[in-house]
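J.: Chains as they are written, first to last, in my numbering: chain A, 1 to 795; chain B, 796 to 1067.
These aren't lab readings, by the way, just hints derived from the structure by calculation. Don't take each hint at face value.
Not the full set, but computed from the structure, chain B residues with beta-carbon under 10 angstroms of chain A [unchecked claim]:
| no. | residue |
| --- | --- |
| 1 | Ile-797 |
| 2 | Leu-832 |
| 3 | Pro-834 |
| 4 | Arg-839 |
| 5 | Pro-843 |
| 6 | Arg-856 |
| 7 | Tyr-857 |
| 8 | Arg-1011 |
| 9 | Ser-1013 |
| 10 | Leu-1056 |
Quick look at which bits of chain B chain A covers, simulated, 3 or more residues with Cβ under 8 angstroms [unchecked claim]:
| no. | stretch |
| --- | --- |
| 11 | 933–942 |
| 12 | 977–984 |
In this text, a Cβ means the ideal position worked out from N, Cα and C, and glycines have one as well.
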Amino acid sequence: MTITEEAPGHVGSRRLRKEDPALLTGEAKFIDDLALPGAIWVGVVRSTEAHANIVGIDGAAALAIDGVNEVLSGEDLAPLWGEGALPCAWPVTPDMKNPTHLPVARGTAKYVGDAVAVVLADSRYAAADGAAAVVVDYEPLPAVVEITDAVADGAPLVHADLDSNECYTWGLWGDNAPAVDAAFAEAAHVVSERYLQQRLIPAPMEPRGCAAVPSPAGGELTLYSATQIPHILKVMTAVVLGIGENKLRVVAPSVGGGFGCKLNVYAEEILCSALAMQRGAPVRWTEGRAEAAVSTIQGRGQVQHIELAADADGKVTAVRVKLLADMGAYLQLVTPGVPLLGGFLYHGCYDIGLYMFECTSVFTNRTPTDAYRGAGRPEATYAIERAMDSLAVSVGVSPEEIRARNFIGADAFPYESAAGLVFDSGDYQTVLDKAVALADVDGRRAEQAQRRASGSSKRIGVGFSSYVEMCGLAPSRVLASLDYGAGGWEAATVRISPTCKVQVVTGSTPHGQGHETCWSMIVADKLGVDPDDVEVLHSDTAVSPTGLDTYGSRSLAVGGTAVYMATEKVIDKARAIAAHQLEASEDDLEFSGGVFSVRGTPEAEVPLAGIAFAAFTAHDLPDGMEPNLEAHVTYDPPNFTFPNGTHIATVEVDTDTGDVDLIDYVAVDDCGVQINPLIVEGQVHGGILQGAAQALYEDAVYNSDGQLVSANLGDYLVPSAAEAPRFRLDSHATPSPTNPMGVKGVGEAGTIAAAPAVINAVVDALRDLGVTDVDMPASPQTVWRAIADAQGGAS
Amino acid sequence: MIPAAFDYEVAESVDHAISLLGEHGDDAKLLAGGHSLIPMMRYRLATPSVLVDVGRLDDLRYIRTGNGTVSIGALTRHSELEHSAALAEACPMLASVAALVGDPAVRHRGTLGGTIAHADPASDLPAAVLALGGTIVAQGPGGSREIAATDFFTGYFESVLADDEMITEVRVPAGSGGWNYQKFNRRAQDWAIVGVAVAGGGAGVSLVNMGSTPVRASGVEAAVAGGASAAEAAAVAADGLDPPDDLNADAEYRSHLARVLTERALNAAGVA
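Okay, chain B solo, but in the shape it has when bound (with noise of 0.2 angstroms):
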């Protein structure tokens, strides 16, 4: 539980940020809440040589809407978009997704940007993003790139951004629709065995810990889009997927909670 030797640096910018990122390469990693990559480090399944810690960037903390647009800053808290008033008028599935996310604690650290930069498939936040149809903005030396989330997850922990690019800001669309998020785990503060994100009433449907990135289901979706029933639309939930086998569960029965958790989820947001 101590994790390898690290250099560390303070961001003072998010340009200073990107310059260190590309003074260090791949030796680097951000460091945001650190909720997900401290313990790496300290189990030393991550080893960076390189810290650069972005977390004191205040003027990425921000949730603000008009246009029909929400826009958050990377570096807010899941405890403030869980309490934020506005984002439970403009989004209510994202705060209230938020508050799903581990324990106080870590809700208190952990950021927006950190947790979809982080790519694990078995977060909250990134399928709900992912359902929501949402945007990342990211910025690199050569300025900033919008990538929308269904382009963005590549594999575990993996994504497409570049070493030397953070995550400033996250948009999803204002007014989440029918929603509903189902998250099913042993302990309160674990993560999803399985998850699925319902928003727009069926329209954006995705999946948590049930392939190697938050996927989109989209057949769900079609069938929803089609006028099938909420049962009918979840019966192909986990078709053409390739869930983790753990020892919470297994693929059969991933597949299995995938099926029964779209099917409420589906109710829920108002899908008979």
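Bound-form chain A, shown alone (with noise of 0.2 angstroms):
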């Protein structure tokens, strides 16, 4: 039975958000509003050097300035992490090559934006002048930008005690080879596209920052942090500087926004915190807007090469990938594991036959990449999709019907896939004809055809992105096998207090989502209790003490789901107290609307409030059972969920400009059962524009010497509201069988569908004037150019 159907009404409502109320009145606290007298504010001097020798830093100017006190080197700090680095916990590999990351660097720099030095002060104006005046004397050495430069040969080293540039190579059923060969071979149709993913900056609205706050006597350490993780980060942050994890609490405050820059553990974290213990004083640092564009992981950066071989009817047959992957001068927490998790996807949602992946991951002297919205799967949909297309031009089909016939099937699940993962639940086929006609995609290419007839400058295109992810992350035996450092299970506890007021205390780490408002919809209706009355904990680890926190998209499938079964494990309990109460045997209890009674005699019946104040007294308790109503679940998926979907972009190209106007975008989605569905939109919404950033306006563009040359939101393009389309949304849920609640996962999912949406729709604007690809990001300049040269030559 899933909750719909027992639910009196909260859960599938729209209900608006208990966390709104705080945010929008300014109450909410972000790490620059915690008060903290006395705090040492820390400034970082960062590289304005892609690769260079550090020969010498003068502090004396800074030191001149009223309120900054010292300015250290990563020779000075030193001390604080003896043998402690930043860590990854993602060895993807045996032979994986991961450099010492040390949180200021000594000796060399390997990025704009790596920390050299540090400047502590009174305020963080103090700490900004100081950071500004520290002199780096550099010795420039020879840098690898572009991800082809650092396997060119002769390039140079990013790291020069390794070999090579190549971080490591995995691969993905290799033995594949001469099947895969012979189907190439043998195919009627090949398609064979190279795709660039550029990179992307994540610009979440509150950049990072930091406190550590110290209790000398005892010697404790609390560390603030904007983060996804507080779990993780206590864990990571007790390892790198030797602290007793009994001696450490991490708190993740407000927390605006995050996309997987927050999913990590960050110099400054590990740097306030050494020094707070060193210091028996607060430090703190926020990070400036500028400086997030070079010191925060950046997303993508992969060059893609997909085929597809496919018999006389577009029937595919194999699908090979090779990637090369940016990872950026170092390994962040989860860098090399980025495309691993689009690895298993690059045949969609495709019922193929044979199946090749292959990753080169590569050192660039650029900032780290890591998880960034969607993390691998957006850029596995990116390129799938983008070559189903070219297939149904080569056989000569709609891109509908290339994907009918490509589809796995409704009755195929549990579907095991060509990359060895076991898909839940789906109806491709549903999904993509419900998108189809609410994207009135015949009427599109009427007029389509009647501007191309008339000669029109503005172009109508319309592009589909069928995509199929893996939410739910993750089951730990799974994760096991990946080398992933961590398990994938999430924690709940539900306590019922004597008053009956529910608190809830979740493992999972919102930032922006909304679970204080789902997991009391959960909470509510399976109680009986109205959501107000549940309160949420969260994001501090001496409240909530066993999590694994927020990202891909796993919240509500794991963390939802411990919930739900806390809950349910709570209701037992009461059962028991309610069965001996009314003296009845528990199989003749029912439990509706916060009332236990006894079927077939409706006036033999107790309120939950009485059960929560007898658990509470505990005078009366069935013998040996435990006072006070709670239960504490810790939950380890079976499997992944795997939300899916099709979007519909259509466009306006105008030919003279090169412009592209997105003026309609349809998604139907399958993340399973929906909690609140004004949440499920919100997410759609914001993660469609932000696919859609990548296919048309975002790209962090470095030049030849490696400076990042789009370093503010005045050259990065970050769209607003102004740009983003009419979204169009409608559902089609097949519950997942997975967990209890039937629920997958959405926050992702808009951004996973929407670049190759936009980018086929452009191309197809403009295939009839000769243009087969576009890269991103669709620039006004480069469509135009693109015409251009299909055209042969600039007009």
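Build the complex from these two chains, which are given one at a time in their own frames, with help from the hints.
T.: What follows is the structure, encoded as structure tokens:
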């Protein structure tokens, strides 16, 4: 039975978020709002060179500034971390190269933004003035900037102590090679495409920041950080600095978004913690927006080569993928694993025969990459969905027809994919059919034909993207097989107070999603209480000691399921007490609307409130039962969940200027059962715009010296609401059999789907002009040049 | 994103502002709406040691019409230009262009005098004033002077204003004639990648972000005056210019855009 069938009404409703009043009134406290009298402010001096020996650091001018107290180099700070270094938790191969990554560089700076010294000051302003005044003498070294440069013959080395810039090569099913070769030899149609995934700057509303507050008497430390992962950060900080976990508490205050970039253990967190322990005073740092562009991880950064073999009907018989992935200068927490998360999905939602995936990851003299909304899955979806359109052209059928011929059938679930996953549920064809109808594809095509015929400079294009992704990270044993350095479970405690209010403690760590609202709705429906009578505690390791935090659209499918199961466990205990009070058998009790009653004897009933109070007083509990009404569950999912959907973008391209106008966007998603459709729609809207941003706007542009040219939000074009298309959404839920609520996850779906839909639409608009590919971002200039090149030179 | 330290003075009057400028020399900058200056300070691209705040000089917030001229006080906000019924009637082009500057927050703070003094070649209103044949009134220690817009801009963020002068008023002829403004950008709130202002049915044509200053497209004006079609006139829009190269557009593409947008603007302004 799914929760929607038994729900009295909260789950499935468009309930407003309980988080919002505090956020909208400014009452919510973010990291920089914390008042910490006497705190030492850290200013970080960052390398202005992509690769250089640090010859000297002159802090005299900085120290002359009022309020600047110390200037410390990487050498000065080295004793703080001793043998410790910033952690990478995902050694994807035994021979993966993982260069020592110090919080502050010693000897050599490896990228623009690499910390090379720190200033300690009395205020944030003095810290900024001081950092700007430190003079660093660099001896420039040759820099490796582009991915392809890293693997070129004679390339300079990012790390002189390694014999190449290659970090690792990881493959899936390499023994398929002869069969795959044969499939390509026999194929009626072969598609071979090369795509570039530009680097992206995550740019959450709130940049990073942290504050470490020691309690010198007992040796304890509290680390406040704008992080998605207080629990993981606690373990890692304890390990890196050798602080007992019993002495360490990590708190994530209100966090203004992350998109994956706060799924990390950063230099500043380790630096502030170590300095606070050493100085016995609070030490804090708040990231600036311009600083964030180079000091926080970036996303994507891949060169993709995808090949499809298909028979005469366009049925795909083999998919072969080779990636070059940019790690940046160092490995952050899960940097090397990001391409692998996509590696399982380059065949998309298609029932293909054979699959080969290989990724070579390389070091470059650029900011490290790591997880960014979708983390590997947007890249995979982009490649397969672009390539499927090329196959459709080759076969001579429509984009929807080539997809229909290859979809995994609705009757095939659970479906074992060619990459070795077991997809839980789905009905891809119905989803696509709904999207086609909603987008009025036939009408758009008629308009497209008419405009082409009239020679209009405003071309219409319709682009498809059918996706499947993996959420609900993750079964711990599967993570073990991928050499990931943690489990994938989540923990929850549900307590009912003497007055029948409910306290939920969750290991999930919200940073904008709406966990408090959704967890309250789940619990309220199960217990028959009002969602406003449920409090949700989170994001503080002293309050919520066990948890694995929020990323990868895992919270609902794993953390929410833990909450659901803990609630059931509480109800089981309450039922035993109710049976005791009513002198009835537990099997004869019904629980509905917050009341236990004896089946067939409706006057024999006891409300949950009575049981809660009885559990509190413990005056009359069944023999051997512990007092209090609470339960704890740690849930390790048996499988991933597999959200899917079809998105259709419609664009109007001005062929005179190259300008692309996203005039309509239809998304039909299957994220399983929806707890709160309002929150689902918000996630899908934001996700689509973030994906469309990669397609049309955003690009972390480096020049040949390794300088980030698009280093501010005037040059790095994060789109605003004004650029958003009209979103028209529908859904088609196939409940996941993996968890009791049938939920799948939706935090990344829009981003995963949108980029190929938009670029496919742009190419569709221009295909009659000879355009077959447009690089991302499809800026007006890029589109104009693509048209000009296809027409045989600039117009 | 933390500006360098600076002192802050509030000007009580234009005379006071000018005397403060005289006192601090080129270390001082006038602060009006601040939406260009303060971002530059936060990036430490500008590090004035003194800010002289003229934003409270409300007697410089006005739009007056008469005798064929529209006179606008330098501290008039873009949003006031955008929503002024008097301006919509007397100079609809200026009201319309003001509505395209930045976003609502910028338009409620930014001032006409400020955007002209800032002399950013990518800004909308300087080019509009140029196409309209406007006049800039500036006051210094020695009194007021009138400067034709065509003589005002001298280079990137540079003008003929002396260190101790401030703009007090901008004048444009009433009636925009056949007019149009084409602004091409990627995000609604951005500066124009290229913009084209056409006033007086093609008698005044100026270009945004096609050089180090807002530029008068005199070749286009001459062609229109000589009876050329919009397409013929637009073909020379980028001639002789040295447009910038940036992430949005290189010089070749900018020149192409200038031609396309000039033709569109001329057409919309009534030039066949």
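J.: Holds or violated: is the Cβ of Tyr-857(B) closer than 10 angstroms to a Cβ in chain A?
T.: violated (31 angstroms)
J.: How about Arg-839(B): closest beta carbon in chain A under 10 angstroms, or not?
T.: Holds. Min distance 7 angstroms.
J.: Is the interface hint satisfied for Arg-1011(B)? The criterion is a beta-carbon contact with chain A at less than 10 angstroms.
T.: Nearest chain A Cβ about 23 angstroms off; hint violated.
J.: Examine the stretch 933–942 of chain B: at least three residues should have C-beta closer than 8 angstroms to a C-beta of chain A.
T.: That given contact is violated, which follows from only 0 residues of the stretch 933–942 of chain B lying within Cβ reach (below 8 angstroms) of chain A.
J.: When the nearest CB of chain A is found for Pro-843(B), is that gap smaller than 10 angstroms?
T.: Hint violated; Pro-843(B) Cβ to chain A Cβ min 15 angstroms, cut 10 angstroms.
J.: Given Ile-797(B) was flagged as interface, is its beta-carbon under 10 angstroms from a beta-carbon of chain A?
T.: Hint on Ile-797(B): holds, closest Cβ of chain A at ~4 angstroms, below 10 angstroms.
J.: Does Pro-834(B) pass the interface hint, meaning its C-beta sits closer than 10 angstroms to a C-beta of chain A?
T.: holds (8 angstroms)
J.: Under the criterion of a CB-CB separation shorter than 10 angstroms, is Leu-1056(B) in contact with chain A as hinted?
T.: Interface hint status for Leu-1056(B): holds (8 angstroms vs cutoff 10 angstroms).
J.: Holds or violated: the hint that Arg-856(B) contacts chain A, with Cβ atoms closer than 10 angstroms.
T.: violated (28 angstroms)
J.: Close enough to count: is the Cβ of Leu-832(B) nearer than 10 angstroms to one in chain A?
T.: violated (14 angstroms)
J.: For the stretch 977–984 of chain B, do at least 3 residues have a Cβ located nearer than 8 angstroms to some Cβ of chain A?
T.: Held - the stretch 977–984 of chain B has 5 residues with a Cβ nearer than 8 angstroms to chain A, which meets the minimum of three.
J.: Hint validation: Ser-1013(B) versus chain A, beta carbon distance must be below 10 angstroms. Holds or violated?
T.: violated (24 angstroms)
Of the hints listed earlier, those the structure fails to meet are numbers 2, 5, 6, 7, 8, 9, 11, in rising order.
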